[in-house]
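K.L.:
Chain order of the listed sequences is A and B.
Letter by letter, the first sequence follows residues 1 to 113 in our numbering.
Letter by letter, the second sequence follows residues 1 to 113 in our numbering.
No lab work stands behind these hints: they were computed from the structure.
Treat the hints with caution; some may be incorrect.
To be verified - Reference listing, derived: stretches of chain B covered by chain A, where coverage requires no fewer than 3 residues with Cβ under 8 Å from a Cβ of chain A: (1) 19-26; (2) 80-94.
Said to hold, decoys possible - Pairs of lysine-lysine, BS3-like flavour, derived with a Cα cap of 30 Å: (3) B:Lys-19 with A:Lys-5; (4) A:Lys-58 with B:Lys-44; (5) B:Lys-71 with A:Lys-58; (6) B:Lys-67 with A:Lys-68; (7) A:Lys-15 with B:Lys-71; (8) B:Lys-9 with B:Lys-41; (9) B:Lys-22 with A:Lys-15; (10) B:Lys-52 with A:Lys-58; (11) B:Lys-41 with A:Lys-57; (12) B:Lys-71 with A:Lys-57.
What the hints assert, rightly or not - Heads up, incomplete: computed chain A residues facing chain B, CB under 8 Å, no partners named: (13) Ile-18; (14) Pro-19; (15) Pro-40; (16) Ala-45; (17) Phe-66; (18) Ala-70.
Every residue, glycine too, gets a C-beta built ideally from N, C-alpha and C.
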Amino acid sequence: QQQVKQSPQSLIVQKGGIPIINCAYENTAFDYFPWYQQFPGKGPALLIAIRPDVSEKKEGRFTISFNKSAKQFSLHIMDSQPGDSATYFCAASRQGAAGKLIFGTGTRLQVFP
Amino acid sequence: DTAVSQTPKYLVTQMGNDKSIKCEQNLGHDTMYWYKQDSKKFLKIMFSYNNKELIINETVPNRFSPKSPDKAHLNLHINSLELGDSAVYFCASSQEGSHWGYTFGSGTRLTVV
Numbered sequence: 001q002q003q004v005k006q007s008p009q010s011l012i013v014q015k016g017g018i019p020i021i022n023c024a025y026e027n028t029a030f031d032y033f034p035w036y037q038q039f040p041g042k043g044p045a046l047l048i049a050i051r052p053d054v055s056e057k058k059e060g061r062f063t064i065s066f067n068k069s070a071k072q073f074s075l076h077i078m079d080s081q082p083g084d085s086a087t088y089f090c091a092a093s094r095q096g097a098a099g100k101l102i103f104g105t106g107t108r109l110q111v112f113p
Numbered sequence: 001d002t003a004v005s006q007t008p009k010y011l012v013t014q015m016g017n018d019k020s021i022k023c024e025q026n027l028g029h030d031t032m033y034w035y036k037q038d039s040k041k042f043l044k045i046m047f048s049y050n051n052k053e054l055i056i057n058e059t060v061p062n063r064f065s066p067k068s069p070d071k072a073h074l075n076l077h078i079n080s081l082e083l084g085d086s087a088v089y090f091c092a093s094s095q096e097g098s099h100w101g102y103t104f105g106s107g108t109r110l111t112v113v
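Start from the sequences and build out the full structure, keeping to the hints where you can.
P.N.:
In C-alpha cells form, the structure reads like this:
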C-alpha cells in the first residue's frame, strides 16, 4: 500500500517530442503527488505537484494528468529539449505522515537533438 | 547561498570505520530528512526531525544515528560501515513537516571499500 509504481524505467525521445511518464499508487489516503527532476550529481528538485481534487495541472511545458478513480497520474513534457534530459521521480504523501514522501523508482529521460 | 548544504560531497572509507555526514539548511524550515539513494536510483526515507525531535525512523540499522543540534542542522553518523552502506545520502528540508516543497541538498556519495 505504500508503494508508488513508475514506468517506464528509461525513455528516449527526439527534441520536440512529448515524453510521458506514468505512476500508479494503491493507498487512497495519499493526497499530494509531486514530481521531482534530478540531474547527475545533484539532488532532486521539485518540478510540479498536484492534489487529487484536480485532474490536470500545467506549469510551463510540464503537465500532470491525474486520474483519481484509476489511482494513476502522469507527467507530460511538451516540446522536450535536450536540457530536459534527467531522471524524473514521481512521489506521493498524505496528511499526518510527518511530510514523508514515497518515491517512485525513477525514469531516466534522454532527449536527443 | 546554498539552501541545503551537505558535507562532504564524497566519502570513501574502509569497512568497519565510523563516519559522519553533516547537513545545514538556511531556509528557516522546521523539518529535516535523510534519504538514501541506492545504485538503482531508488530514494528511500531514513529519518525525519521536526524542531530537533525525531518524528520518522524507518527500518534503519542501529549503526545509523541522526543528530539534530538545532532545527537548521541534521547530521548522520554511521558506525561500523559495511559494503552495503555504499550509496548517495541526501539531506532535505521542508516547512513544518509539510510534504509540500522538499528542498534537497546535492548529496553525499559514500563508498565503502
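K.L.:
Could you run down the list of hints and mark each one as holding or not?
P.N.:
Status of each hint after checking the structure:
Note: the stretch 19-26 of chain B has 0 residues with beta-carbon separation from chain A under 8 Å; the three-residue rule is not met and the coverage is violated. With 3 residues having a beta carbon nearer than 8 Å to a beta carbon of chain A, the stretch 80-94 of chain B meets the requirement of three or more and the stated coverage holds. In summary, the hint linking Lys-19 of chain B to Lys-5 of chain A is not supported, as the alpha carbons are separated by about 33 Å, beyond the 30 Å threshold. At most 30 Å may separate the alpha-carbon atoms for a hinted pair to count; Lys-58 of chain A and Lys-44 of chain B meet this at roughly 27 Å.
Between the alpha carbons of Lys-71 of chain B and Lys-58 of chain A the distance comes to roughly 34 Å, so the proposed pair goes past 30 Å and is violated. Between Lys-67 of chain B and Lys-68 of chain A the alpha-carbon distance is near 39 Å, which puts this suggested pair outside the 30 Å criterion. Only pairs whose Cα atoms come within 30 Å are accepted, and Lys-15 of chain A paired with Lys-71 of chain B is rejected, the gap being roughly 44 Å. About 17 Å separates the Cα atoms of Lys-9 of chain B and Lys-41 of chain B, which keeps this hinted pair within 30 Å; it holds.
Between the alpha carbons of Lys-22 of chain B and Lys-15 of chain A the distance comes to roughly 40 Å, so the proposed pair goes past 30 Å and is violated. This hinted pair does not check out: Lys-52 of chain B and Lys-58 of chain A have alpha carbons roughly 36 Å apart, beyond 30 Å. Note on Lys-41 of chain B and Lys-57 of chain A: the hinted pairing holds, with a Cα-Cα distance of about 26 Å set against a maximum of 30 Å. Simply put, Lys-71 of chain B and Lys-57 of chain A have alpha-carbon atoms about 33 Å apart, too far for the 30 Å limit, and the pair is violated.
Interface hint status for Ile-18 of chain A: violated, as the beta-carbon distance to the closest one in chain B is roughly 23 Å, over 8 Å. Taking 8 Å as the C-beta cut-off, the interface hint given for Pro-19 of chain A is violated, the closest approach to chain B being about 17 Å. A distance limit of 8 Å between C-beta atoms decides the matter here; for Pro-40 of chain A the minimum to chain B is near 11 Å, and the interface restraint is violated. Proximity of Ala-45 of chain A to chain B holds as hinted, the smallest CB-CB distance being about 7 Å (cut-off 8 Å).
Taking 8 Å as the C-beta contact cut-off toward chain B, the hint placing Phe-66 of chain A at the interface is violated, the least distance being around 16 Å. A hinted interface residue such as Ala-70 of chain A counts as satisfied when its beta carbon comes closer than 8 Å to some beta carbon of chain B; here the least separation is about 22 Å, so the hint is violated.
Consistency with the previously given hints fails for numbers 1, 3, 5, 6, 7, 9, 10, 12, 13, 14, 15, 17, 18, ordered from lowest to highest.
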